[in-house]
Amino acid sequence: MINATKKWIFLKISSAILVPLMVWFLFNLVSFYDKAYEEVFLFFTSQPTKFLFSLFIIFAYFYSALSISEVFEDYIENEKLKNVTNKLLYLFAIIIPISTLLLLYKLSL
Amino acid sequence: MNDKNPLSPHIQIYNWHISSLISISHRITGIINIIIITLICFWVALLLLGNTNYELIQKFFETYIGKFVIAGTVWSFSFQILSEIRHIFWDLGFGFELKTSNITGLLVIFGSLVLTIVILGKNLVL
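Protein sequence lines, in the order shown, are assigned to chains H and D.
Note that the numbering used here gives residue 96 to position 96 of the first sequence, counting from 1, and the numbers run on in steps of one.
Note that the numbering used here gives residue 37 to position 37 of the second sequence, counting from 1, and the numbers run on in steps of one.
Possibly wrong hints are sitting among the right ones.
Here are the simulated DSS-like pairs of lysine-lysine, each with C-alpha atoms no more than 30 Å apart in a straight line [to be verified]:
1. 12(H) - 99(D)
2. 50(H) - 59(D)
3. 35(H) - 12(H)
4. 50(H) - 106(H)
5. 99(D) - 35(H)
6. 99(D) - 106(H)
Taking beta-carbon pairs under 10 Å as the criterion, some of the chain H residues facing chain D (in silico) [said to hold, decoys possible]:
7. 53
8. 77
9. 97
Please keep in mind that the hints were generated in silico from the structure rather than gathered at the bench.
The structure displayed is predicted, hence computed values, not measured ones.
Just so you know, even glycine gets a beta-carbon here, dropped at the ideal spot from N, CA and C.
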């Protein structure tokens, strides 16, 4: 199996997982966004929210990194520039969710 | 032999159709959504700073700009959800006919607006 096929399969699997997680997060977001600190804190640190939110950001960054790299593939001609932007994108997609999850689990302690 | 991938033609070249509108909007909302999710991650990080600092965020969401940001987020997520479902149907081999594709495209546009109103209305945001 070539890399492009693997990438397409990963993209499709992650999008199928991400759709219900996005629906779940959207309904929750509108119900807690303007609430006081204690309520928002409780939302992010209690289960099953913590688990679902962790899955949401992992799959959101995974899916976004793959799909944005496709946009780079379509519109950036310079190979060096494309490689650099892809590497920065993947780095960003790893660092942000990992740091957020570490903070989230630190908040729960 | 030149083994470089060809670039996509830039969007100014095409005449606008529902399919092209949905396609470019899907990409734009995808990028907007990851920016929003990154801001949500910073929001989670702000919780670490405690109640006093958090009040700034709470006050921001009470303003019209804050509510507009939330409404925009709901629309952008709704658009992406419906557009992704359309893509999943395509991947399963359904909906490629031009007429069906145009109808599902319109469903994504109007469905995302209806979904936004339903979700916001349910929570009395506006």
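Legend entry - Hints violated by the structure (numbers, ascending): Result: hints 3, 5 and 6 break, sorted rising.
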